Amino acid sequence: MVKKVYNSEQIEIGDDYMKVSKEEILHIANLSDLILEENEVEKYLSNLQEILNFANIVSNAPVEGLDITIGSNEAQNVFRKDEIKIFEDNKSLLQNAPTQDQNMFKIPKVL
Amino acid sequence: MDITELTVHELQEKIKSKELTITQITNAYVDRINEKEKDVQAFVTTLTEEAKKQAIEVEEKINKGEITGEFAGIPIGIKDNMCTKGVKTTCSSKMLENFISPYDATVVEKLNNENIIDLGKLNMDEFAMGGSTEYSYFKKTRNPWNLNKVPGGSSGGSAAAVAANLVPWALGSDTGGSIRQPSSFCGVVGLKPTYGLVSRYGLVAFASSLDQIGPITKDVRDSAILLNIIAGHDEKDSTSASREKVDYTKCLKNDVKGLKIGVPKEFFGEGINKEVKESLQKAIETYKKLGAEVEEFSLDIAQYSLASYYIIACAEASSNLGRFDGIRYGYRTPEFTNLKELYKKSRSEGFGAEVKRRIILGTYVLSSGYYDAYYKKAQQVRTLVINEFNKGFEKYDVILTPTSPTVAFDIGSKSDNPLEMYLADICTVSVNIAGLPGISIPCGVDSQGMPIGMQLIGNKFCEETILNAAYTFEQEVKFREKYKPQFKQNA
Amino acid sequence: MSREDYEVVIGLEVHAELSTKTKIFCSCPTEFGGLPNTHTCPICMAMPGTLPVLNEKVVEYAVKAGLATNCEIARDSKNDRKNYFYPDLPKSYQISQFDKPLCKNGYVEIDTKNGKKKIRITRIHIEEDAGKLNHDEFGGGSLVDLNRAGVPLIETVSEPDISSAEEAEAYLRKLKSIFEYIEVSDCKMQEGSLRADVNVSVRKKGDTKLGTRTEMKNMNSFRSIVRAIEYEVDRQIDVIEDGGIIEQETLRWDDVSGKTFSMRDKEDAQDYRYFPDPDLVAIKLSEEYIENIKKGLPELPESRKQRYLEEYKLSEKDANLITSSKYLSDLFEEASKVCNNPKAVNNWIISDISRILNETEMDPIEIPFDSKQLGKLVVLIDKGTISSSIGKKVLTELFENPRDPEEIIKEKGWIQISDEGAIKEVVLKILEANPQSIADYKGGKDKALGFLVGQAMKETKGKANPQMLNKMFLEELNK
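Residue numbers (my numbering), protein chains in the order written: chain A, 40 to 150; chain B, 68 to 558; chain C, 855 to 1333.
The set of hints was computed from the structure by calculation and includes no laboratory data.
Source: prediction; values computed, not measured.
Just to be clear, a hint being listed does not mean it is correct.
In silico lysine-lysine, DSS-like type, Cα no more than 25 angstroms apart, as pairs [said to hold, decoys possible]:
no.: 1; chain 1: C; residue 1: Lys1296; chain 2: C; residue 2: Lys1278
no.: 2; chain 1: B; residue 1: Lys177; chain 2: B; residue 2: Lys128
no.: 3; chain 1: A; residue 1: Lys145; chain 2: B; residue 2: Lys155
no.: 4; chain 1: A; residue 1: Lys61; chain 2: B; residue 2: Lys412
no.: 5; chain 1: C; residue 1: Lys936; chain 2: B; residue 2: Lys407
no.: 6; chain 1: C; residue 1: Lys1159; chain 2: C; residue 2: Lys1042
no.: 7; chain 1: B; residue 1: Lys545; chain 2: B; residue 2: Lys320
no.: 8; chain 1: A; residue 1: Lys120; chain 2: C; residue 2: Lys1138
no.: 9; chain 1: C; residue 1: Lys986; chain 2: B; residue 2: Lys412
no.: 10; chain 1: A; residue 1: Lys82; chain 2: B; residue 2: Lys206
no.: 11; chain 1: A; residue 1: Lys130; chain 2: B; residue 2: Lys155
no.: 12; chain 1: C; residue 1: Lys936; chain 2: C; residue 2: Lys958
no.: 13; chain 1: C; residue 1: Lys875; chain 2: A; residue 2: Lys120
no.: 14; chain 1: B; residue 1: Lys303; chain 2: C; residue 2: Lys936
no.: 15; chain 1: B; residue 1: Lys443; chain 2: A; residue 2: Lys58
no.: 16; chain 1: B; residue 1: Lys407; chain 2: A; residue 2: Lys145
no.: 17; chain 1: A; residue 1: Lys148; chain 2: C; residue 2: Lys986
no.: 18; chain 1: B; residue 1: Lys407; chain 2: C; residue 2: Lys986
no.: 19; chain 1: A; residue 1: Lys124; chain 2: B; residue 2: Lys177
Please build the complete structure, drawing on both the sequences and the hints.
Written as structure tokens, this is what we have:
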């Protein structure tokens, strides 16, 4: 476990055993439909690696036997009645469309 | 009398006593904006002309008896990630530069029902991701205390506007400290309510399980008043809490005798600035003098919270921001030959670097093979943090920490190192992870005159306890009377 | 090696649109059709800041479907996000259920040539449907219509227990029938409210390891499914026999050419990054809730069939056909009440009505006339007002222009001729025109009587009462 100093505080940073490869970051960028230019990849990669190393702290947390918590809300069974409500201002739903035709959003052909 | 210096409750009194009129108030704020906004750069969209017109209309209706309501005609500023029908909601991003929402956020509807006047949409870090408002696509907001320094973030525009008297009060949003940290940097009061107390419907989502809307105000009473207006169950938000209505102003008793305050020693470690620590120590002495029982205890969750925060927040954000694809609204790249290119170029050109960074991190931690190691673990850490806080609240009514390890830093000094920026959230994120209420109030200034913030954390739905503790401190220390933003500018 | 040496392994993932009034997470109508993007709101259009709220009826219908297919109902369930980019998916994630579906471990029974077979159901879960992509004729691009985005679906996943195209059809028909009976979906395949993803693999008989499977998505006609499975099985066997390997891929079935085509593109395999949706909360169902739904379940096809065998004394074959569809079943029972002649109603349904449904590829839900009208038709025949051959004409008319059968026969002048005088007139006329037939009859050829009756029917355009004709002819011939 490597210790690094940030803001004069010693933060434990994991060693690079969860190393991110260039292929991986390009794959992730592809999954999230983002382009990383050649000159950007290195920077994003090192940022990501550093943050992941820090995030890796969670692997040392004393969480054996603990359930996951999804939201900080203990609510359950929040339902809505099956009653129609028309959204009146239909035109406004397409007012921000980059291009539209016959009240539909226009996009390049999808095979 | 400087109208823009008054708090909202003072404005209300003067309206009642007919010392001031609605139009006078709005015009005073418009003049102030025209004068100071060029220095502060707090707004993305100013609505000064519309506000003046609205003020005249509201005043007429009040005089005719058509409108009643104790807030009618009071102006406000709204962070630019809350949907406002007919007025752009940009999230300070190129992606939504020209986006006009077809509906109002629930909190905006509530303001409209009270005939509160919108002075404009306030600047922020793009999609609420940042701690300095430097990641705004449009402009960098300046801290009114020193124009070379950041106002904090992501609700930097809201905090700066309140501090500079450009608006009497404002709405901000807080996912990891985005209301409390800029409030502390700008010497104003910022409250993040318990998760679920205020509806998220219409708040452009960053991290769904952490986001909350809250008031940024000149003083604690105003905070309680604004909370009264925006709190409440909303059937359009499945995570909205169903609680009996509370009048938060009734809890401002100005008395903390016997209040049990816990001070977690891990939040006062090496990484906290020396002057910040000293100011907080003084504040602790003040509480003791006022009759509170203050005790040090151990709450070793800060680093785990921060790590799990970034995993959870980025994971949820990577999913929430998927809808920005250039198809139905938002930025669309001008040149593309097929659908994939349309998606990729629109998103890469529309989002700034910090947003892209967080989407990549979020996608990574959710991706096949890494889900258990990161995301699932982070959700377990969440349980741990909640349990630790519960233990603390068995003994204490309020937990006291610094809001931020530092005071406002120079513009441009941290934006290069993301992790350093993230570490500035270390005092605030655990509160979001646990879904608890937290308020930041100014407790002093440093040797450069920059404000220092103190954070009070309460148990779930115990806003009344922290509001009263904050109010009592405020009445004793009288920060507002002693210190004001100087709009200093380094040579 | 021949086809006989291989066995076929099929699994079906069936998507049924629920017939709730509103969408799963917003209050827009689920009605089919409508001008593009008019059954929409900021929520199903995925505007920034919008949030989902779960429709209580969706949970109810899913539980109904689970109970009707012998599933275990989850006491603790949740929604998860399935993330991917596609223009018909406005949020860029589909809210579905991943590891805690509402129902699991059920089964349905189908009839095969070897007797009854159990097809196990792995799970049933709720999710939202996507919008539609339409061709832009002029612009050359695509047009996105989000009316369907957010319509609630239940997805029923079967174990790979299905061994042939016939079994696949039988299974799908069974599911359709059950969902119609419990009224959770109208299962209109042409409208897309029932569709199936078909997974097919083959392996040599005796092999325990499953072969690589291919998937054909969104199939919405029984005929296509059967043809597609048969083609794909043959194709896979051919590939293996030639020494090749089957690629795991999604295929597109082309009905026109009768072939499957690879939809493989150069992209990496999808990683949906499922995680629990933080905008929604846990679904915790109580014993009471589940019991109430169980109590409220209507009679299922199996028990209706039993009743028909016992009460109405129908044959097994007839009862099977009638109960295969809720709409046929309802038609049978209601029409029988009107005319008190279930045997006749049964016959109409299994013969002429079924024939017309098959010829026109019509689904029973689309039968344009109602049970009262069918019942009336039977009454008219039983009373002797019309003959059964006129009855067939009336039925055709009921399909084309449904109204009261009495109106039809009045309008068309089809009322049966039962007047003795008129009958005698026709009989004498035919006898005079056919001396040879008289001779044949007198010579012992009974068939000649039938011929004469037929001629008389022809002469009267089917309107003469055949029993009376018969009687009168006999009288005259035996004079």
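How the hints compare with the structure:
1. C/Lys1296 / C/Lys1278: 20 angstroms, holds
2. B/Lys177 / B/Lys128: Distance of about 19 angstroms is within 25 angstroms: holds.
3. A/Lys145 / B/Lys155: Given that 25 angstroms is the threshold and the Cα spacing comes to 23 angstroms, the pair holds.
4. A/Lys61 / B/Lys412: 20 angstroms, holds
5. C/Lys936 / B/Lys407: 19 angstroms, holds
6. C/Lys1159 / C/Lys1042: It holds: about 23 angstroms lies between the C-alpha atoms, which stays within 25 angstroms.
7. B/Lys545 / B/Lys320: At roughly 16 angstroms apart (the allowed maximum being 25 angstroms), B/Lys320 and B/Lys545 satisfy the hint.
8. A/Lys120 / C/Lys1138: Since the Cα atoms of A/Lys120 and C/Lys1138 sit roughly 17 angstroms apart, the hinted pair holds (cutoff 25 angstroms).
9. C/Lys986 / B/Lys412: 24 angstroms, holds
10. A/Lys82 / B/Lys206: 24 angstroms, holds
11. A/Lys130 / B/Lys155: 17 angstroms, holds
12. C/Lys936 / C/Lys958: Between C/Lys936 and C/Lys958 the Cα gap is close to 20 angstroms, so the pair holds against 25 angstroms.
13. C/Lys875 / A/Lys120: Holds: C/Lys875 and A/Lys120 sit about 10 angstroms apart, inside 25 angstroms.
14. B/Lys303 / C/Lys936: 22 angstroms, holds
15. B/Lys443 / A/Lys58: 19 angstroms, holds
16. B/Lys407 / A/Lys145: 14 angstroms, holds
17. A/Lys148 / C/Lys986: 13 angstroms, holds
18. B/Lys407 / C/Lys986: 18 angstroms, holds
19. A/Lys124 / B/Lys177: 20 angstroms, holds
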